[in-house]
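Here the protein sequences come in this chain order: A and B.
Using my numbering, you'd call the opening residue of the first sequence number 128 and step up by one each time.
Using my numbering, you'd call the opening residue of the second sequence number 288 and step up by one each time.
It is worth saying that the hints were derived from the structure and are not from the lab.
Note that beta-carbon positions come from the ideal geometry of N, C-alpha and C, so glycine has one too.
Certain hints may be false.
[As the list claims (entries may be wrong)] Below, a sample of chain B positions facing chain A; criterion: calculated Cβ distance under 8 Å:
#, residue
1, ILE315
2, ASP328
3, LYS475
4, ALA584
5, MET677
6, ASN698
7, ASN701
8, GLU705
9, VAL706
10, ARG717
11, LEU829
12, GLU830
13, ARG831
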Amino acid sequence: MTKAHLKVAADIGGTFTDIALFLPDGRLATRKVPSTPADYSAGVVEGMRSLVAELGLQPSDFAEIHHGCTVATNAILEQKGARTALLTTRGFRDVLELRRIRVPRLYDPLYVKPAPLAARNHRYEIGERMDADGQVLVELDEGDVMDAVAAIKREGIEAVAVCFLHSYRNPAHERRVGEILRRELPDLFVTLSVDVLPEIREYERTSTAVINAYVGPPVATYIGRLRDGLDRAGFSGQLMVMQSSGGTLDAQAVMDFPARIVECGPAAGVIGAAHEAAQIGTGNVITFDMGGTTAKASLIEDGQITRTDEYEVGGGISLSSRLLKGGGYALKLPVIDISEVGAGGGSIIRVDSAGAVKVGPDSAGAVPGPVCYGTGGSRPTVTDANMVLGYLNPNALAGGTVPVDAALAQASLVRDVASPLGMSIEEAAWSVYVVAAANMVRAVKAVSTYRGRNPSDFVLMAFGGNGGIFAAELMRQLQMKRAVVPAAAGVFSAVGLCVGEVQFSQSRSFLKKIAQVDYRELDAALADLERGVRGRLGSQHSRLTRRRSAAMRYVGQAFELGVPLPDRAMDATALAEVCELFEAEHERTYGLRLDGFATEIVSLDVSVSIEGSPLQQPAPAHAQASKVAERRAYFGPDAGWLATPVVERSQLARGGMTGPLIVEEYEGTTVVPPGALASLDGRGNIIIDMEAA
Amino acid sequence: MSTDNTISPFMLEVMKSAFETVADELAIIIMRTACSSIVRDAIDYSTAICDRNGLTLAQGATTPLHLGSFHDAMSNLIAREAGNIREGDVFVFNDPYLAGGQHLPDIYVIKPIFIDGEIEGWSTTVAHQNDVGGIVPGSNSIGSTEIFQEGLRLPILKLFDAGVSNVSVWKIIAANVRVPDIVTGDIKAQVAACHVGEREFRKLFARLGAEKFRQCCDAIHDYAERLTRSEIARVPDGVYRFRNHIDGIGTDPQPIPFCVSLAVSGDEVEVDWTGTSPEVRAGINAPVPFTRAAVYAAIRSVLSQDIPNAQGFTRPIRVIAPEGTIVNPRSPAACGARGITGFRMIDCLMGALAQAVPDKVGADGSGGATIPAIGGIHNGAPYVFVETMMGANGGTAGSDGQDGVAHVGANQSNIPVEVIETGYPLRIERYGYVADTGGPGRNRGGLAIERVFRFLGDEALLTIRSDKRRFRPFGLFGGGEGSGSLNVINPDTVDETLLPVLLTQPYRLKRGDVYKHVLASGGGYGDPLERDPEAVLADVVLERVSVEAALRDFGVVIVSRDSRPAVDPAATAAARSRAEAAA
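Okay, chain A solo, but in the shape it has when bound (with noise of 0.2 Å):
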């Protein structure tokens, strides 16, 4: 690999800021360096020129800069993005705020919605209907439109959506309102909804239209201070952007459609595991994501990240939201399914009026922090719990570079578990590291079992800050046999990044019963859909590769499982075999096939990626010489306390080491317990096996 193709890539988070790349040498470089959060570009540019210096390297060797940024969630989460208007057709203006009705919480009388990101009286009804076969009912006034325009100016409006009913059959009004507005408004960021997600069901269209359009200028003006201090910095090179789908895209493609980045880093660290799971000959893997204040997991089947366009902005903590939902705003966009629980390491312990423990979903986040870090946190957290245990550092954490305190950690658990539960202060803190387990194996089998998927079947990726710690005790609560936790896992989003391949999607509604599938009809959407991919992408690329699915059910349900479609002209085969790898998944999923209904196609979806450079294998760990530390750690009362090596990860490379055993290294830490193997293999992944039982 010639300097010139060289990638670096930078990951935000709240408190931190990643950066990988890849040395000419295969060697992964990685640096964290704290958040900028009054302008996070200034922490990119500045985080990768230094390391990129310290490497001896130049900012012109880089021919991409990756990136994953939190500037669209934030924008929602803190409701500070455009001041939004939405032009929607007469009688309708409120479906965005009505929504679907459902609320996320059961038994809860005093449950207050997200407020909607247009506001009632900047939602402007227009003159106009579509039926549900696209003819024209009303003709667009454009009257009405001008009218809105005058409004948009008075109000200081500084992004529109426009969604108009069925404009996934019809899109001519809707397009004529883009004309309209782009011509007399021409500085304004207008989103049509047609644009972002042709597909039936207003509600969905409409709240997708609207957040593309509110996040669209904080997204605009934040690509542009990164380029230009990219620019000055000497970073010439092309800067791509994840979406939540997991693809990368030109940072300037994604300004048109920046409500496609809204998830990009927790994309980020399931890409980085698929990838790494490629590379070690492992088809299926559960990814297993920790970090200060959620546990995430996310299903990877032979060698496929699993997706799903069912998902809220902000919907919380959002685990549960596969039967409750309503919690978020609606953004029926690629995601990867990744679900979530309230359980990191700053997650607050407490134990309830009936004499449970709780964990979480409260956080003490970064500030103040978990009690042992003495920065004025008072509720003792996961994190501090871990220590007593004796899991952590009782000097420092993150290689030395943040000074802890233990005895601050015991001294909560005591006053605020162990005491009022009249326990020891191990079993305490043994009661918290199980139960918060127990939540994240909720998030793992809502990715598993609730899809007919046995965890076991699966190995179990461990990576974030904490993901090293708990993996062994997941593996146990869920009867897996293997757990990797690769290298650089505390910064493994950015790993990700930097090994993400350009990819763009688009799909639309396409409602046919099976039996009434013209397949001309069929082939020539396809074709249409992929011609509007291919243009996002560019055509300069050779090794585009493409995927098409459809989304299928049983005519009368309201849930659809995606189906890949055969690479070749639609027939009736082809068809035949869609038709049973539809009802196989279904079986598979649920357990049954509903035989004699009907199948039938709801919308058709086109991927199409440009393969990577493919990268070489990162030099292997040298084992080093250096001690083998002691401490004691507690694994439950039948183990008891038990003096435990603590080792660096390349001290693995001399052979496996059975538990138990501490890993301890800059980015994070792993624990074997006893009846567990831990050794290294050839890329610098940890390995823990499990015992048989």
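Position chain B against the provided structure of chain A, taking the given hints into account.
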């Protein structure tokens, strides 16, 4: 509680969480595979994992009005079938009088879980089927006068007998319902969910072993009871009474009173419905298992969110429902459309709870699903359009009443306009809020919602289960009533016809007819003259409250300043003192 000695707090939490995860897993399977809108959109079904005694360990997060609904069904099943239960059996039933059911559309599918020859638990589901026969499509006729008119009655039967499908039962079900594919499909989904429950239950059992597992089940009930008692103990002791009404049935509605007396004493509560209307000759009687479920859901709503939906939760709650009343009817009283009675019980109980815990409940809301249903034949094929329309809440101590939210008793969804217009001969002409309808209050009630349907077919039958036109949503602590519901055919034309709230006879729609359905709104909370004028201004800006209503209902004078609305503080102060003097 002896179990505390052997089950540690963390084991308890881990197992509780595990059972909840399994119960949710069953619920997901049913939601995603169901073909009827009532199940997949309205989420009108429930799942639970029960212990060896048939007591609920965990219930899926679906329908609050089903809370505790497995208890009567399970105790009845175990009592009747003891000695006749074999491995591989799957039971099916629906009858409220013969099998502890709720009403005929709710079909229970239940599987015992045998481990080493013993029943160690139960996988249980109940789902509201699209149709179970009877005199109207959907089987929830308000006009029925006895259960025999309401459709297929299933006593406790074996759908599978030791693993062998009982073909006769499937055939009888298919022959008695209007949409046999959908109903048998949804029942199959329930069976599939039961199998998954059994599989996951076995895994949990294997982790602990028989003795520890059983102790753990008992400990979960004890824990739920302890937590509930400690929560109830925080509610001030006293007897809190409330009275509420259903407007009445048909073209000459007579009020149907609900009287509740809520007695809180230490860590227990007793809910007594004495004084409530006798059973009625219409399909809205609520069999007593449903009455208990409504009480549990209301009480649960003012307690900690942490309380698990395990049977032990109900131990400190006693329900008195005199036999022969609308909340405990005798066979063969009709009960197909008893949902409205459940919603009204919750509303009534909330009125009583407001006196005990005024910060934890809101003023009254629109009152649960109104179920407009339009059925007929279009292009040669029969169709039934059914929607669960909801809803507005009343104001609360902390916020304005929410609008566009589900009733606390049933977390149901609307159906997208585009889906309706694609699938049915209907066009929606408006769907949105109605300004100036929220009950005035320091915290305003939520706005009414209206949906205007235009019928595009030849002929169809329309039924509705609305309420609260005469007895409108109540306010609390000085807040005003909300607005009432309306059902109007061809509004603002010479043919304008006002329909009753509860139709006993379907209305015959003709091509081009318009049906305007307006829900009741939410009541206000606190004195409207204490409402922050800036909040009133915000409502005016958002076109939720008109300038006229701002003055009339809230005593706030809104003027135009720099061509924008603004509060006139002096005029507002004057208007408010005039209003106070007049009061």
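Hints, one by one, checked against the model:
| no. | hint | result |
| --- | --- | --- |
| 1 | ILE315 | 5 Å, holds |
| 2 | ASP328 | 6 Å, holds |
| 3 | LYS475 | 6 Å, holds |
| 4 | ALA584 | 7 Å, holds |
| 5 | MET677 | 5 Å, holds |
| 6 | ASN698 | 5 Å, holds |
| 7 | ASN701 | 5 Å, holds |
| 8 | GLU705 | 5 Å, holds |
| 9 | VAL706 | 7 Å, holds |
| 10 | ARG717 | 4 Å, holds |
| 11 | LEU829 | 4 Å, holds |
| 12 | GLU830 | 6 Å, holds |
| 13 | ARG831 | 7 Å, holds |
Checked against the numbered hints listed earlier, the structure breaks none of them; every hint is satisfied.
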